[in-house]
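Q: Each chain, written out:
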Amino acid sequence: MNITLNGHTCWAKPGETILDVSRREGVNIPTLCHMSDFSPTGSCRLCTVEVENAGSLVPACAYPVHEGMEVRTNSPRVRRARKTIIELLIANHPQDCLFCVRSGNCELQKLTQEYGVRTHRYEGERRRARIDIASPAIERDPEKCILCGRCVRVCHEVQHVGAIDFVHRGFKSAVAPALERSLNTVPCVDCGQCVVNCPVGALTEKSNQKPVWEAINDPERFVVVQVAPAVRVALGEEFGAEPGTVVTGKTVAALRRLGFDRVFDTNFSADLTIIEEANELLGRLKNEGVTPMLTSCSPGWVKFIEHYYPDLLGNLSSCKSPHEMQGALLKSYYAQKIGVDPSRMYVVSVMPCTAKKYEAQRPELGGAYADVDAVITTRELARMIRVAGIDFFKLPNEGFDDPLGESTGAGAIFGAAGGVMEAALRTAHFYLTGSDMKSLTFAPIRGLDGVKQADVRIGDFTLKVAAVSGLKNIKSLLDDMRDGTSPFHFIEVMACPGGCVNGGGQPLPTTPEKVRLRTESIYQIDRESPRRCSHRNESVQKLYAEFLGEPNGHTAHELLHTHYVARDEF
Amino acid sequence: MTKQQHMPEIYGKYPKKDASCLIDLLQDVQEQFGYLPDSEMQQVAKHVDIPVSRVYGVATFYNQFRFQPLGKYVIKVCRGTACHVQGSLGILTTLENELGIKAGQTTKDLMFTIETVACIGACSIAPVIAINDEFHGGLTTKSLQKLLRGYQKRSAKDEVTA
Amino acid sequence: MNAFSSICFENCWHSAEKPCPRFVDCVHGGQQCGDAAQSAERLARYRRELLLEEHDTPVILVGMGTCGLANGAQVLHDALVAECAARELTVSIIPVGCVGYCAREVIVDVKLPGRPRISYCEVKAADIPAIVERTLQHGEVLEEKLLGVESRDAEAGWQDYPLLSELPFFAKQRKINLENCGVTDPENIDQYLVRGGYRALTSVLNGREPQEVIDDALVAGLRGRGGGGFPTGKKWQFARDTEADKKYLICNADEGDPGAFMDRALLEGDPHRVVEGMIVAAYAIGASYGYIYCRAEYPLAIRRLEKTLQSAREYGLLGKNILGSGFDFDMRIKKGAGAFVCGEETALMQSIEGRRGMPRPRPPFPTTAGLFGKPTVINNVETYANVTTVFKYGPEHYAGIGTESSKGTKIFALSGQVCNVGLVEVPMGVTLREIVFDIGGGIPGGRKFKAVQIGGPSGGALPESVIDTPVDYESLKEVGAMMGSGGLVVMDESTCMVDLAKYFMTFIQSESCGKCIPCREGTKRLLETLERLSRSHRDENSQEDALLRFQGMVYLERLASVIKDTSLCGLGQTAANPVLSTLHYFREEYEAHLYERHCPAGACKELLTYTIDTDKCNGCGLCARKCPQDAIIGSKRQAHYIIDEKCIRCDQCRVNCNFDAICVN
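Sequence order for the protein chains is P, B and W.
Under this note's numbering, the first residue of the first sequence is numbered 1, with each subsequent residue one higher.
Under this note's numbering, the first residue of the second sequence is numbered 1, with each subsequent residue one higher.
Under this note's numbering, the first residue of the third sequence is numbered 1, with each subsequent residue one higher.
Chain P on its own, in the form it takes in the complex (with noise of 0.2 Å):
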């Protein structure tokens, strides 16, 4: 069908909205509360623009094209309803954009902008709250909340965990966990979800960068660094480079220049999880152990079976995820390998995940000190290295340091959903059959559907498995195990859709376009691999006949692996 737009002539598909319609012919419609594969809510109203007869203005997000409706997109009227808008929404916002963390990447003040925002046109009483800093994860600011319900819809539809949600009514309304409680004592997972679906500064990372930098600053201590898979496809963003924009030598250059006494790659450990992971699997399928396997290198997963699921938390892997495992290795196998008092050492994980945080927080993950001693998102990074007056663009690229440096394809992966059980099938193949297998690539497993599923015949063996992504999509898998029909030998999950890419400590915004990207560099780092299974690991075979023994052994067990809790659901 046609539809005139602005005056001039374009074509629709029946069912669309004015918004899909506008977007594909470029012309830009501000929305706040719109979320694309979501259905629209139509709350904010920014989108609104004038349809001819239709009487009031409309909003574009949710209004369907008919054959022959007259669009515009850009009258006075249209123009002065956004305005208004915009102006009464800086009208009840704290106006401290000078200090928000959010400054220069909020989509408030990018409209305010846009649409001219001078003065404050209405004054009156603003939303008083207090912030909410009791979780390790997330810190939430309600006087910046405008409102838009992109966190409660993720929480709610994506996750499935609704910790939070919309409260009273009215100009009292206002986004809270249940009861108005604070975030930690509620079951939040910490997925950081809704960090990344903020358009504003009301939800954010609890920032880790002051205790980073005065460990930095602190000549008594020894302060070893990591880097998640997904934190290198990533960090380019924040520097303006295209999403996806491999920068690993990059990123370990700006981490030495910080101060960093040494900088390893959390990919080498992720091929020692596949190591321990997949030997757990294979123990489990030969003494009938309980199946199917959970992985357990998702913290926010993790804490999200531990409070709905506790039934079955013997099905997850007992691993440590990989940046625990390498804190673990880092304050003994390193620290005694170059002689460093393990109490003088400070293990820094630089992850593109707000549930990292809280995980490092555990106290059964780590002994006499914490395997990890801080967890510095993506977004916190970048910020470290701006601060530095660093210009990463200009920096050279640099290798990481030995022997926790070096990683293999598979480990590479890790950052996107189905990348462990990718790499955990090269690794199980090859352990039942003697063998690698012909094809590295299980294209059943890749891309960012939510539940994705195989069946891989390994020698005689059939092995079912499944990756899942958004924690709504384990659900119903759950339910099956709990009723005993699972067909399932092995499941990977990961709590953010698409896995770490698009983790809640991920650059601002993320859309599905640059998490397609990431997740693309990712593949492309394993692609251009030397070795591309984790078990082809030279510095993780070393660790094994130096230090740890056998895959699951005693010294094993005691360093990377842990065990869970059942938490209450409140």
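Worth double-checking, as some hints may not be accurate.
[Claimed, not checked] Below, computed lysine-lysine pairings styled on DSS-like, alpha-carbon distance capped at 25 Å: (1) Lys246/W with Lys234/W; (2) Lys472/P with Lys46/B; (3) Lys46/B with Lys475/P; (4) Lys172/P with Lys17/B; (5) Lys646/W with Lys142/B; (6) Lys142/B with Lys475/P; (7) Lys102/B with Lys605/W; (8) Lys102/B with Lys646/W; (9) Lys76/B with Lys646/W; (10) Lys46/B with Lys335/W.
[Said to hold, decoys possible] Label pairs and their calculated CB-CB ranges: (11) Arg154/B with Thr119/P: 37 to 43 Å; (12) Asp468/W with Lys110/P: 19 to 25 Å; (13) Asp455/P with Lys234/W: 42 to 48 Å; (14) Asp38/B with Leu622/W: 46 to 52 Å; (15) Lys646/W with Arg154/B: 33 to 39 Å; (16) Glu9/B with Asp545/W: 54 to 60 Å; (17) Ala16/W with Asp455/P: 56 to 62 Å; (18) Arg128/P with Arg154/B: 38 to 44 Å; (19) Lys46/B with Lys110/P: 40 to 46 Å; (20) Ala130/W with Ser39/B: 28 to 34 Å; (21) Glu9/B with Asp568/P: 23 to 29 Å.
[Said to hold, decoys possible] Coverage of chain B stretches by chain P, computed from C-beta distances (three or more under 8 Å per stretch; other residues unrestricted): (22) 47 to 56; (23) 131 to 141.
Think of the hints as simulated: they come from the structure by calculation, not from any bench.
From the three backbone atoms N, C-alpha and C, an ideal C-beta is built for every residue, glycine too.
We have chain P already, so just place chains B and W on it with the hints.
A: Showing chains B and W alone in chain P's frame:
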């Protein structure tokens, strides 16, 4: 508490995992307890299988639900248009001054709660208030004070006999 | 009681499980099959009894709607029972709904055998002995309490008493939807049946195709009575045309407009009429289940509705295989939990589904994807009552009432500063003047009429200059108001229009659901602007405050128009109407507040000044003791003085002064 024993009756009335019963359930719980205790909201959430945050979000949306116990006498002040033009704001202010609480609050001795309602539909006798569903119409500041004295005496007497 | 279910003749097999299609005809028109003359006579006699055409004992009807109860009808009823028992009189005492004349409640009707009905008004419990003794025992009329008689009875010497139908309050009304209210026992289904109840349903189920029913609704020209005035038949057609495995029907009984109580009166006074209309509508669209979403603040209505549904089921009028037609339909009552916004269709559906009552964007319209995603028709109480009327009297007859574009009658809740507060039903097209002055009897106390607010918070305040506007959907819109659900609040010169606008904004502000920005944030700023207008200059701390007062006024209309243009739902889109209409008709009053800091009506408390008339004050000191702010000083037996800076204008001094010495300016 004896109240606890009645609870299965409330929940048994509604099918599990049916979120459309949420408001009915909350109304029943409130009828039982006079307000919505946190623990019951958690119980309701389990029963209909939705997050507690959603239960609380729904409960705080509607005027009917309370989160603290109410006073023995609940005074509803009608703020309908007819009452407004007949001076119900003055009635409310007097009431607030006399009892030393604001609308929506309960006196410390748990005797009186003041609430405002949009319209109780007794426009013919505006301005009107209802004390525990007993209507008192055509009020003036003076007649209200007198009325209140009566209730205060009554509550004092109840105290003595109790 | 409920005798129609058992009174029929030996051959009758009608039951809820196996309903007879001719049951209602039988009840209404006499025995339809068989030839037992005895039972035919028994039926006829029972009918005459129900209609009070033939009865042996006196019948007393007590108006016990909410307004009656609020005026002490329960106490009175109990006194009446006790008095009759004490005098050993056999009398049947029937509680009935509201006859509409709320100003004269409690209304008690006495029907002596063979005499016309006598209506007493403003009856108090203390009047009961006199009524019992003089009317019941001696057959005399108690003239000091008489409202009127049903017909003049020369035989009894009652030829000079006023006729009820000729009273100014009733004369210009046309009661068709309210025909049963106040004259029948709403809890007795037989009383409804005998007055032609469920004939509309029978006529529809026996031989009318659903499409024909919709066509009839269109012929009748019936439009929704909930506010917007959308043609009811058209709405039904949309739902009928949508394919679905299940369809729902909802009755919106969440009457939340302050100053409106039409729906309550209908539900309390004639609930079967509403239920019957719903079943007809369900048949037309093919709905299998219905909900009545009723305010929890209407406990009496809910109780009566429950009883109504139960007795309709017992009679085979609701449930499976209604009247043997093969059509299944049942419904339940959902209690609202107190949110004005749930009067909005999509919000109401959210609430039934157990969510926060927040509207969602349309399209898709509820007739396509409504409750639980299924096609759903929502009409309000009065619309369903009208449906019954349309099919009871025929669509052509119905179309003959009213104006070209607005058919039928409209019920209004007349309240405020008007003599005859009450519920009135008028044909569309009468003027506001007729309602306020002829039916309503004008303004009490000799004060001047100022405005009438029509359409509740979404409507507008209309001044004398447009009071000759006929009441129909289009004309009201033209003058900046709307039909709304039917609240009519009359205001005299003591009402300040800025205060009125502020009142409505306060209401809308507290009832806004908070979903969309223009309504949530915009109405707050509108309210603040109005508050600044009526705030005392004593509370303005700086020039900036004064500047804000002016700035708000400058942007007021711009803001109001954006709220109207961009809000998500109907409530938001009309939220600014009270401001816009008062600004249009009473701009000079706004200006007086803004520039002169003066409230011409003397209603904005903070703009008042309290002083003491030194000539009248004898220095008793009462006011000083009553003042909560210690703002009054003076020595004993000397004239006192009010410190203006301390005065909060609580009015306590004026109320308590015994010498009229407090002047308010």
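Q: Work down the list of hints and note, for each, if the structure agrees.
A: How the hints compare with the structure:
1. Lys246/W with Lys234/W: holds (19 Å)
2. Lys472/P with Lys46/B: Answer holds: lysine 472/P to lysine 46/B is near 18 Å, not above 25 Å.
3. Lys46/B with Lys475/P: Answer holds: lysine 46/B to lysine 475/P is near 16 Å, not above 25 Å.
4. Lys172/P with Lys17/B: violated (30 Å)
5. Lys646/W with Lys142/B: holds (23 Å)
6. Lys142/B with Lys475/P: violated (63 Å)
7. Lys102/B with Lys605/W: holds (19 Å)
8. Lys102/B with Lys646/W: holds (21 Å)
9. Lys76/B with Lys646/W: violated (30 Å)
10. Lys46/B with Lys335/W: Roughly 22 Å separates the two Cα atoms, so the pair holds.
11. Arg154/B with Thr119/P: 37 to 43 Å: violated (57 Å)
12. Asp468/W with Lys110/P: 19 to 25 Å: violated (54 Å)
13. Asp455/P with Lys234/W: 42 to 48 Å: For lysine 234/W against aspartate 455/P, whose Cβ atoms are near 55 Å apart, the range 42 to 48 Å is violated.
14. Asp38/B with Leu622/W: 46 to 52 Å: holds (49 Å)
15. Lys646/W with Arg154/B: 33 to 39 Å: holds (35 Å)
16. Glu9/B with Asp545/W: 54 to 60 Å: holds (57 Å)
17. Ala16/W with Asp455/P: 56 to 62 Å: Holds - the Cβ-Cβ distance for alanine 16/W and aspartate 455/P, about 58 Å, lies within 56 to 62 Å.
18. Arg128/P with Arg154/B: 38 to 44 Å: holds (39 Å)
19. Lys46/B with Lys110/P: 40 to 46 Å: Given about 43 Å between the Cβ atoms, the range holds.
20. Ala130/W with Ser39/B: 28 to 34 Å: violated (57 Å)
21. Glu9/B with Asp568/P: 23 to 29 Å: holds (26 Å)
22. 47 to 56: Per the Cβ count (7), the hint holds.
23. 131 to 141: It is violated: at least three residues are needed, and the stretch 131 to 141 of chain B offers just 0 whose Cβ sits closer than 8 Å to chain P.
Of the numbered hints listed earlier, those contradicted by the structure are 4, 6, 9, 11, 12, 13, 20, 23.
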